[in-house]
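Asker: Listed below, chain by chain, are the residues.
Number of protein chains: 2
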Amino acid sequence: MKNNIKLDDVAKEAGVSKTTASRVLNHRGYLSKETIAKVQQAMIKLNYRPNTIARQLYKQQTKLVGLIFPTINNPFFGQLANELEQLLYQQGYKVLVGNSGNDPAKEESYLHQLLERQVDGLIVGAHNQGLPEYHHPNLPIVAIDQKMNDDIPVVSSDNYQGGVLATQRLLDDGCKCIIHTNGPLNFISPTQNRRLAYQDVLAKNKLTPITYRTDFCWSNEKKKETFRQIFRDHPEVDGIFAANDTDACLIISVAAEFHKQVPTDLKVVGYDGAAMTTVLAPQLTTIQQPISQLATVATQILRAKIEKNENSKSVTLPVKIHNGTTA
Amino acid sequence: MKNNIKLDDVAKEAGVSKTTASRVLNHRGYLSKETIAKVQQAMIKLNYRPNTIARQLYKQQTKLVGLIFPTINNPFFGQLANELEQLLYQQGYKVLVGNSGNDPAKEESYLHQLLERQVDGLIVGAHNQGLPEYHHPNLPIVAIDQKMNDDIPVVSSDNYQGGVLATQRLLDDGCKCIIHTNGPLNFISPTQNRRLAYQDVLAKNKLTPITYRTDFCWSNEKKKETFRQIFRDHPEVDGIFAANDTDACLIISVAAEFHKQVPTDLKVVGYDGAAMTTVLAPQLTTIQQPISQLATVATQILRAKIEKNENSKSVTLPVKIHNGTTA
Numbered sequence: 004m005k006n007n008i009k010l011d012d013v014a015k016e017a018g019v020s021k022t023t024a025s026r027v028l029n030h031r032g033y034l035s036k037e038t039i040a041k042v043q044q045a046m047i048k049l050n051y052r053p054n055t056i057a058r059q060l061y062k063q064q065t066k067l068v069g070l071i072f073p074t075i076n077n078p079f080f081g082q083l084a085n086e087l088e089q090l091l092y093q094q095g096y097k098v099l100v101g102n103s104g105n106d107p108a109k110e111e112s113y114l115h116q117l118l119e120r121q122v123d124g125l126i127v128g129a130h131n132q133g134l135p136e137y138h139h140p141n142l143p144i145v146a147i148d149q150k151m152n153d154d155i156p157v158v159s160s161d162n163y164q165g166g167v168l169a170t171q172r173l174l175d176d177g178c179k180c181i182i183h184t185n186g187p188l189n190f191i192s193p194t195q196n197r198r199l200a201y202q203d204v205l206a207k208n209k210l211t212p213i214t215y216r217t218d219f220c221w222s223n224e225k226k227k228e229t230f231r232q233i234f235r236d237h238p239e240v241d242g243i244f245a246a247n248d249t250d251a252c253l254i255i256s257v258a259a260e261f262h263k264q265v266p267t268d269l270k271v272v273g274y275d276g277a278a279m280t281t282v283l284a285p286q287l288t289t290i291q292q293p294i295s296q297l298a299t300v301a302t303q304i305l306r307a308k309i310e311k312n313e314n315s316k317s318v319t320l321p322v323k324i325h326n327g328t329t330a
Numbered sequence: 004m005k006n007n008i009k010l011d012d013v014a015k016e017a018g019v020s021k022t023t024a025s026r027v028l029n030h031r032g033y034l035s036k037e038t039i040a041k042v043q044q045a046m047i048k049l050n051y052r053p054n055t056i057a058r059q060l061y062k063q064q065t066k067l068v069g070l071i072f073p074t075i076n077n078p079f080f081g082q083l084a085n086e087l088e089q090l091l092y093q094q095g096y097k098v099l100v101g102n103s104g105n106d107p108a109k110e111e112s113y114l115h116q117l118l119e120r121q122v123d124g125l126i127v128g129a130h131n132q133g134l135p136e137y138h139h140p141n142l143p144i145v146a147i148d149q150k151m152n153d154d155i156p157v158v159s160s161d162n163y164q165g166g167v168l169a170t171q172r173l174l175d176d177g178c179k180c181i182i183h184t185n186g187p188l189n190f191i192s193p194t195q196n197r198r199l200a201y202q203d204v205l206a207k208n209k210l211t212p213i214t215y216r217t218d219f220c221w222s223n224e225k226k227k228e229t230f231r232q233i234f235r236d237h238p239e240v241d242g243i244f245a246a247n248d249t250d251a252c253l254i255i256s257v258a259a260e261f262h263k264q265v266p267t268d269l270k271v272v273g274y275d276g277a278a279m280t281t282v283l284a285p286q287l288t289t290i291q292q293p294i295s296q297l298a299t300v301a302t303q304i305l306r307a308k309i310e311k312n313e314n315s316k317s318v319t320l321p322v323k324i325h326n327g328t329t330a
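Chains A and B are the protein sequences, given in the same order.
Converting from the first sequence to the working numbering requires adding 3 to each position, the first position being numbered 1.
Converting from the second sequence to the working numbering requires adding 3 to each position, the first position being numbered 1.
Just so you know, these hints were derived from the structure itself, not from any lab.
Be aware that one or more of the hints could be misleading.
The list treats identical chains as interchangeable, and a pair is accepted whether it falls inside one copy or across any two copies.
Claimed, not checked - Each computed BS3-like pair below joins lysine-lysine, with the alpha-carbon atoms no more than 25 angstroms apart:
#	residue 1	residue 2
1	K36	K323
2	K225	K109
3	K66	K109
4	K311	K209
Extracted from the complex, chain A is given alone in its bound form (with noise of 0.2 angstroms):
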């Protein structure tokens, strides 16, 4: 139920005039604290509810971008969905963040909040593909690491350079039987490319590729357990090149209970570098991906979408090596 309390009911109940109660709601011009005080305690009091609502929709924006990713409890996603999180709020929007998991229903439910415009725009990192709401052309939209439609422009790290980086590194330290772990083959996703440089790095050396199904929905449980497998199927393995740094940090693990020291016995590169996964495991080897400059340029190109309609092309950016003692 709608009340009618006005603005004018809630200048009389804190005893100020309504251009002062209208300066506290709208921030403007110097006001002492008290005064302050006494009107938002007679916002309260009177159960006011401004008219923000109503403004917003006569403006036709919302100042809101969802986010939605696997799981923000990553350090890869933690990371971006942080610093996306500041650089939108100093351009004058506030992020909504839903954790999609492995559950389309949930990121549908994002995309409809972004059809009736209750957000401004999406910027997308999930793993579920295929809904048919992102076939609308035009959308404000802006994926990262992940192949949505051709309309949606793909914001992510070079992850074939990524591979051949990984690869090479293990090749260089002398291993013989390499393993990598990726998601599954039927997920169009610009980090393919790490499976298909691993692929070419290891056939030019005249070696044989070998892939672990992965992902990144699993349990850690379920996820130590197909690692276990690696070291049932293939003891003679000496250098794993891991789908992301939590997977290496499993593998790590994992190989203790197989006597496997690492880097003696095992050699380990990880993938994606984020400022807290070199804090907690600095000694990991692995491929960083420039998580600050995806939120950069995933935000300039939302923005250009929302307020100029704009169309943007994909962006890919470099990455480097983080040497640890792992490989």
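Let chain A serve as the given structure and place chain B on it in line with the hints.
Answerer: Quick look at chain B alone, frame taken from chain A:
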């Protein structure tokens, strides 16, 4: 500017009845994918803005909850934000995430959003205090590990118990010079109970407490410089109880610069024990907070406040020690 496109226009453009267009908009009843696509396409083509926001205005709720944390790019707050988002989503809410860092202005901006009813409630774990907005009674706010004012319930884990467990572990390990790191003393928070417990346990054992001040929002380099000072001032240090796990890992890195081996020469106990930390740094002995339970309880209390205007008491949950190899 407001356009005047109505649902009738959308229905006509899509070649369906108004009832069908309305069912697409409200996700009701069985509809073929083709029909849904046609209607959505028409909505976009005509730039139709459904009256979702107007409906929210009428219902006086936004179904949005704001989370204000120092930074989600931290294993504790990352996991907490992730779990809160999942719980709230199941209950029909979406979450706005703000990383307030050291910035009271940003925290204030989120509080204004609450006062202006752009969000239905807030869950605050931020470190800025003394904002006058917190002093309105009966606001739908829940604090995590922070004391805001007497009206705002605090959900925290048992920081005193955690301090006892950590300090006792270092004593049991035979440490004679045990140093603690913690936030500034003027910061009124239940986390100060960790320091209190540390001091009490040392006093009982006739040892002198030494606490070094750190700050959650400092750069890693600034933190490391503080930790180097510990080893310069107290070369005899053989045990450190760190304020959190990232600090514990930075301390272990710095110890290596001073040729102190962990755990041979130095024992270290961290704090938080988030799931991601136990993957990336499984060797770290740490006090494990019940993050999932903190999220569950905070969500319950917030919903009681939002829906029934119910006042709740603060809640303290037990912690346990995670046994790594660093202490």
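Asker: Looking back at the numbered hints, which does the structure fail to meet, lowest number first?
Answerer: Of the numbered hints, 1 and 4 do not hold.
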